[in-house]
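In mature numbering (1 follows the signal peptide of the UniProt record, and there is no 0), the protein residues as written are -24 to -1, 1 to 82.
Treat each hint with caution, since some may be false.
Quick list of simulated restraints, FRET-style, between CB atoms [to be verified]:
| no. | residue 1 | residue 2 | range |
| --- | --- | --- | --- |
| 1 | K(-21) | K13 | 42 to 48 Å |
| 2 | Q59 | K80 | 18 to 24 Å |
| 3 | Y81 | N34 | 33 to 39 Å |
| 4 | I40 | N18 | 35 to 41 Å |
| 5 | R42 | K13 | 41 to 47 Å |
| 6 | P44 | T79 | 17 to 23 Å |
| 7 | N18 | I70 | 28 to 34 Å |
| 8 | G38 | K(-22) | 25 to 31 Å |
| 9 | K(-22) | T57 | 33 to 39 Å |
No lab work stands behind these hints, which were simulated from the structure alone.
We treat Cβ as the ideally placed atom computed from N, Cα and C, and that holds for glycine.
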Amino acid sequence: MYKKFIVSVLTLGFLVTGVSSAQADELNIPKNNGTCKNITQNVEANEYVKGCIKIFPNPLLGPIVRIPNTFTYDDDIYQGTLQLVSQERSSFSIVCYYEGTVTKYK
């Protein structure tokens, strides 16, 4: 009786953990551009280098959050792909710094 109870609890735990990890992979990227600023700009070539800080949640008991290496920046004025430069993890959040070249809509 005791062994069946332990096996049931462990099985349920593995199922719940697996399901929440799968959902975290799908839902971990917020639909925002973060806080961004222009670093350099070349107006003649229509190229601007932007640096962005994005904050992701880091659930204490939840699944491990996967941080994307790139994200597409689009704020209806500029568009481009930014690359992950650095990240810092704390107990409740992950702060990531992205940088890359974007172009202005014509």
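Here is how each hint holds up against the structure:
1. The hinted window of 42 to 48 Å between K(-21) and K13 is violated, with their beta carbons roughly 59 Å apart.
2. Separated by about 19 Å at the C-beta atoms, Q59 and K80 satisfy the suggested range of 18 to 24 Å.
3. Take Y81 and N34: their Cβ atoms lie about 34 Å apart, and the range 33 to 39 Å holds.
4. The hinted window of 35 to 41 Å between I40 and N18 holds, with their beta carbons roughly 39 Å apart.
5. Remark: the range hint 41 to 47 Å for R42 to K13 is contradicted by a beta-carbon distance near 26 Å.
6. A C-beta distance of roughly 21 Å is found between P44 and T79, which places it inside the suggested range of 17 to 23 Å.
7. With their beta carbons about 32 Å apart, N18 and I70 fall inside the hinted range of 28 to 34 Å.
8. The hint said 25 to 31 Å for the Cβ distance between G38 and K(-22), and at roughly 30 Å that hint holds.
9. For K(-22) and T57, the hinted distance range of 33 to 39 Å is not satisfied, since their beta carbons lie about 54 Å from each other.
The structure does not agree with the numbered hints 1, 5 and 9 stated previously, though it agrees with the rest.
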